[in-house]
Structures are given as structure tokens and as C-alpha cells.
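Protein chains: 2
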Amino acid sequence: MQIIDGTIASPKGFYATGLHAGLKKEKKDLGVIYSAIPANAAAVYTTNQVKAAPIFVTKEAMADQKVQSVVVNSGIANACTGDLGLENAKEMQSLAASQLNVAKENVAVASTGVIGKQLPMEIIESGISKIDLQQQQPYAFHEAILTTDTSTKEIVVTEEINGQMVTMAGVAKGSGMIHPNMATMLAFITTDAQISKDLLQEMLADKTETTFNQITVDGDTSTNDMVLVLANGLAENPIIEKNSEAHEKFIAMFQLVSETLAKMIAKDGEGATKLIEVQVVGALSDTEARLVAKKVVGSSLVKTAMFGEDPNWGRIICAVGYAGSQTDPEKIDMWIGDQQLLKHSQPQEFDELVMKETLEKEKICITVDLNIGEQSGKAWGCDLTYKYIEVNALYHT
Amino acid sequence: MQIIDGTIASPKGFYATGLHAGLKKEKKDLGVIYSAIPANAAAVYTTNQVKAAPIFVTKEAMADQKVQSVVVNSGIANACTGDLGLENAKEMQSLAASQLNVAKENVAVASTGVIGKQLPMEIIESGISKIDLQQQQPYAFHEAILTTDTSTKEIVVTEEINGQMVTMAGVAKGSGMIHPNMATMLAFITTDAQISKDLLQEMLADKTETTFNQITVDGDTSTNDMVLVLANGLAENPIIEKNSEAHEKFIAMFQLVSETLAKMIAKDGEGATKLIEVQVVGALSDTEARLVAKKVVGSSLVKTAMFGEDPNWGRIICAVGYAGSQTDPEKIDMWIGDQQLLKHSQPQEFDELVMKETLEKEKICITVDLNIGEQSGKAWGCDLTYKYIEVNALYHT
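Taken in sequence, the protein lines are chains L and U.
For the record, in the first sequence the residue sitting at position 361 is 361 according to the working numbering, with numbers rising by one throughout.
For the record, in the second sequence the residue sitting at position 194 is 194 according to the working numbering, with numbers rising by one throughout.
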């Protein structure tokens, strides 16, 4: 497998573009992905009971697991917008379908931004009318889906599968209201691999648990979360059979793409200066390991300690204790970087200079060994900073 | 019932004092409560699996539900301190027992402060040796249990029960690592009422659910949480019978004391400028109503919005949606103060000037009507501010 430079349109037969329609002051706010032929598709959505209108429209479009185009806007979430919001999301789907000449049942819709505002449909309509399949700017799509993100988030990988080069590309946006459960804010993954709808959905559901669902910025699960995978088969590899070597390779590509996007979202959390990775080993199950890892990385006290570059293991073991998994409180080992802080829950001497250097880095790894089993799991988050307060207290509805 | 000025030693036969032993630089850090006779006692403790040494010692002392004295230190939590920590907590119990001439089995022990440091026993010993039952300073006890708290937290109420005046006093500390589950950081409640151990424990367990367990500052459940109630019977009221009018009156006193202390803890959360009260009505059960209320008041995005004095109902309804209770996302009504923001999940016009004044206050009330049942619940928290980051990032272990 190779990581290459590229965009969401790098896999064969994919097109993408983005533009400034006028929902935001200056930044790009409307984007589309298009596949030359309808692609097999898989999706996971927010588990928040309050779901945005586009979630319902996309779920309906996904009934046959075929998607040919995705239309996305940022700036307005189209959440808590009632019947009119639902009509508007459907209208956005229809407009994109006409403009791109695809069946509207094969158009997925996604939105992100402020909750409770109606989409100004004249702006959406005029924006969509400017999309020209002959003139694409794929990187502009990466920009068009952002809100408070400070950078675009993308990764492209290639791999030979059943004798053919297959490409997979992923793009995501995150930043605030990030504590996904079944999906994350918005992530789109395209591939030209031939693979069945069932294997695609199975893989997405499985990998979401260990990647997108294992990040947290602020503990708040959004109303608009969605991960959508499109596989159009244009690489012309012999179709991927379940449990074959090809399947394993494909899953490895997907794991790398998903985990990379998840980490990028965690690192670019609102106000963040550091990526925090927590690995829990020695747990009774991988589910419990992930639970403990996510509780530690989500603790405000751990997040502020990392911002302050303080090896405050008391706050870490406290979070392990309340995570709700099986734990023997006398048996916990802990490391920050490669410096051991606790052995069987007892403080260890460590090199303060090395620790200082470890904590000054942009990525901090915390490892917890529960010493009661063989299973492990990871979670990713960011530090909690003055800037987070600024971003969220100065933001006015 | 009457609220009066007083201290934890106001009920008949109680004595309390506090002093500077030397665990902290200058502030008071050691305190005791003493009852002239062994009191019937009830307690609830942290559900964190990582429990501090004094929790184990107090649980053992509580085996017969009789307590005559409580010894408390602040500055060091005596948590994650292994066998030596447990020995030290027992030694602290013995020292207090000797000094006050009570059976050590009747001495409860509590600690709060830094995790992972051993108690310097020579300081504890010298501090306890200065306690003189002839010279009490009850208010100094209120001060001696504080850590990052900015103010003491106490309330005293009196009521005539079965023809006798009964007094109940409560004192607490909170500030950080506040997201109690079965108890809160430290709260001590004394009363001279005659009441059985069983009724006392039943009432404490029941009321803890709706008071101390309904506050959150930072989502972190401490290793040292404890609420302890002592009833020494010296008011000489005829004993309180279950379900009698006297029982009702006594429960009302306890409810007021517990809820007042809980709100004081929430309001004095680290860096807080505002108390936030969330009331959820129209829920299917009171448990679900409390769950939703606690999720809303614990949301970092809601907390920063309140700091920014922004009526950001999108963040509130988002938290309602992910709280995990039964909800009809189309039926939610919402108010901040007495201004309605949502009716059946649709935005309502409100008076912006009145809203501005409401949000500028030190206490903000958010009401959510789920409109699917008859039950209700409340939770209390505080805003999330620059000062919270400062307190927790600059604090070094």
C-alpha cells in the first residue's frame, strides 16, 4: 500500500469540485462529488435523536445502496428546521441531480454549520447551477465542507488488488461538536475498487467503531454526522470476495484512510495545539479498552493537563476509574511517551527532562495497561485551551 | 422550616474546628467534627473504581453506622498511595480517636487534594495534637476542607419536629473533578434529630440522586467523593417514624440542605462565573429527566455559550438529542429564563433585550419540555471559562 498525493477525485471515474455560493462571507461553502457511473455505497449516520434534514434525505437515497453524486454545503446545518428544512434538503438533491444529469434517488445530501437556520434556497440554486462537470477543482471540495476547521483533511492510498491498481481517497471535516457515535461530522471516501454493497457496509460499520467513533473534541455528538463511502468499480479489479487476501488488503486501505482522517479531525479540534493518542492494553475486551481510552482522552482535566504540559497521571487514573469498564485499581500501569509513570498503580521515578520534551511535542501518546486481559483499543483527542473557550464563547448565534 | 446563620456545629452536641497543620502553604488544611455522643450515621461514596484510602477506612468505620468524630485533611487526597496510604489513613483515624477520646471504630476519615502523594504523618500528627475540645472554631472547619474552592459552602436549617426544635447543618467543598456519581467531593451534614440509622441511610441514598449526583463541573468523577450524615439525637425529639409527618419534615430539611450545598458546589466550579440550572419536564421518567438535564448542563458547548451569554439553543437541543433518553425530536419546547426559544422544536421569536439581561445574570435557568410524559428533573453546573483553563493548565503536579 502506498500513500500518494491526491484528492477525493483521484480514484478512477470520480469528479469533485467546490465553490463559494454565498452561505458564508467569503469561504467556499458548496461542493459536489460525482462518479461516472452509480457507485456501490455504504453510510453511517449520527446516533443523535435530533437529526438534521439531509440525514433523512441521504438515508432514503441509500435505500438501494447506490449513489452517483453527493452535494454538500457548509455554513448552515439544516438541523431543527422542520418540514421546510426537509423540503429544502430534497430540493437541493433535485437541483444537483438536474445539474449533473443523474437520477435524484442517487444523490446524497450533507450539511454542516449553524443549527436552526433555513437554507437560503436561491443561494443554493445559483451555486449548484455554476457546477460544470468539464471544469473540476477537487481540492475546492475539501475546502467547501469546512466550518471552524483550520485545515483540510485528506488522504489518498493505492494498492494492487487482484492484479489491478486500486485507489482510495478520503476527505473529512471536524473541529467542534465532535464526539461521534456511529459516524463523525462529515467524511467522504471514494474508491474505484469493485466490491459488493454488503462487504462495503460491513467494513464501514466495523471500522467506524475503531476509528471515527474513537475521537472526541468536546464530548458533543452532532446532529449532522455522516460517513459515506462510494465504490464505483472502475479500477476493474475482479470483484473482492469475502475473507480473501484482496478483502484483507482493501480493509487495510480503509483502516488507514479512516484512522488518518479521524486523527486529523482530533488534531484540528477547536482551539487544539496537540493531538492526544490514548492506547489501552491488557483489557478484558476491545470494546472496554476503547471505552477507557475514549474516557481518558475526553476528560477535561486530562486535556487541560496536556495543554499545560504536565504529566498529571492522577487525572488519567481517575478517568480510568470512572470509565465504567472492568478494572483492578491496584494493577494499572501507565506511560506517557516511553516514560513509565505508574506500575501496579504505584508512582514510578521518571526522567523529568525527557518527560518535558515528550509533553512539548504536537502529539502525545498515553498508554494504560489494565493488566487484567489481552485486548486493546485506541482513542484520539486534543488538548483543551484558551482558544477553545474563545472560539465557542465569542461565537454568537 | 427556617434557614439560620450557623455552622456545622450548630446542632446540639456537635463541635467542630479547623487549623493549619502544614499540608498547604498558609491555608487551613485539617479539621474535625465531634459529637458529644456517638451519632447514627449514613454515608455514600464515589463510584470511581479507583478509590482513595480514606474511603476504605470510613467504610469500615461505618459498618455499625455509628460515628462520633470525623477527621478531614485537604491538600493531599491520599489516593493511589497503596498500602502505605491505607496505613496512614488508619493512623490518622487512631490519632484523632486518642486526641478526642473516642473509639477509633467511630472515627470517619476524609481527604481531598493532590492524587498520588503520601500524607506527611508528622504534620498530621502535630496538627491533630493541637485540637482542643474546649476551644472550637467551627467556621475554620468549613475553611479547612477547601481546595480550589473560592468560598466556603454551608447551610443551617431548623424545624419543629414532634414538638422539639431540630437543627440540621451542612458543609461541603467542591470546585474541580466534580461529576459525582453516588456522592460528591466532600459534604458533611450534622443534625441533633433522633432518627434511626435505616431511615437516615435510605433518605441519603434517595436524595443524593436528585441533589449531589445532579451537579457537574467538568465531567470528572473524583476518587475521594463522600457525603456523610450524622444524627446524634440530642434534640430529644420523639424518634422519627417512617412515613410520619415528622419524617416528611425531616426529609424536607435534608432536601433543602443537600440541594443548597449541591448548587453552591456547581456555582463555585473551577473558573465559573455563572450557575446554570437546567430543568427538564414532560419526560417519561424522573431518571430520564435528570439524565437529560445533566447532559445539557455538562455540555462544553452549552457551558461556553453561557459564558459568552449567547442563547445558543442549537447546542442545547443537540445535547438533549444525544442524552440517551426517550425523546420525540419534533416535540421539544425550550426556554431560557422566561423567554421561549423553541416550540415543538421550531425556533420562536423572543425579546433580544430581555434575553441579554437574562444571560448577564449570575444564575441562568434553562427549561426543556420533552412533551412526552409527566416526569421532571433538575441538574446544576457552571459556565466554562478562560479561568477554568488557567486553573487546570497552570496547575502542575
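Hints were generated in silico from the structure; no laboratory data involved.
These numbers come from a predicted model, not from an experiment.
For glycine and all other residues, C-beta sits at the position ideal for the given N, C-alpha and C.
Among the hints, a few may not be true.
[Unchecked claim] Below are the DSSO-like pairs computed for lysine-lysine, each with C-alpha atoms no more than 27 Å apart in a straight line:
#, chain 1, residue 1, chain 2, residue 2
1, U, LYS356, L, LYS24
2, L, LYS387, U, LYS66
3, U, LYS130, U, LYS104
4, U, LYS104, L, LYS331
5, U, LYS331, L, LYS331
6, U, LYS66, U, LYS249
7, L, LYS356, U, LYS25
[Stated by the list, open to error] A short, non-exhaustive set of chain L residues, derived as facing chain U with CB atoms under 10 Å:
#, residue
8, GLN136
9, TYR139
10, GLU236
11, PRO238
12, VAL281
13, SER285
14, THR287
15, CYS365
16, THR385
[Unchecked claim] Covered stretches of chain U, as calculated for chain L (at least 3 residues, CB under 8 Å):
#, region
17, 103-116
18, 300-310
19, 314-327
20, 338-352
21, 367-376
Each hint, compared with the structure:
no.	hint	in the structure
1	LYS356/U to LYS24/L	holds, 26 Å
2	LYS387/L to LYS66/U	violated, 51 Å
3	LYS130/U to LYS104/U	holds, 18 Å
4	LYS104/U to LYS331/L	violated, 30 Å
5	LYS331/U to LYS331/L	violated, 48 Å
6	LYS66/U to LYS249/U	holds, 23 Å
7	LYS356/L to LYS25/U	holds, 26 Å
8	GLN136	violated, 33 Å
9	TYR139	violated, 30 Å
10	GLU236	violated, 42 Å
11	PRO238	violated, 43 Å
12	VAL281	violated, 18 Å
13	SER285	violated, 16 Å
14	THR287	violated, 17 Å
15	CYS365	violated, 19 Å
16	THR385	holds, 6 Å
17	103-116	holds (count 3)
18	300-310	holds (count 7)
19	314-327	holds (count 9)
20	338-352	holds (count 4)
21	367-376	violated (count 0)
When held up to the earlier numbered hints, the structure conflicts with 2, 4, 5, 8, 9, 10, 11, 12, 13, 14, 15 and 21 and fits the remainder.
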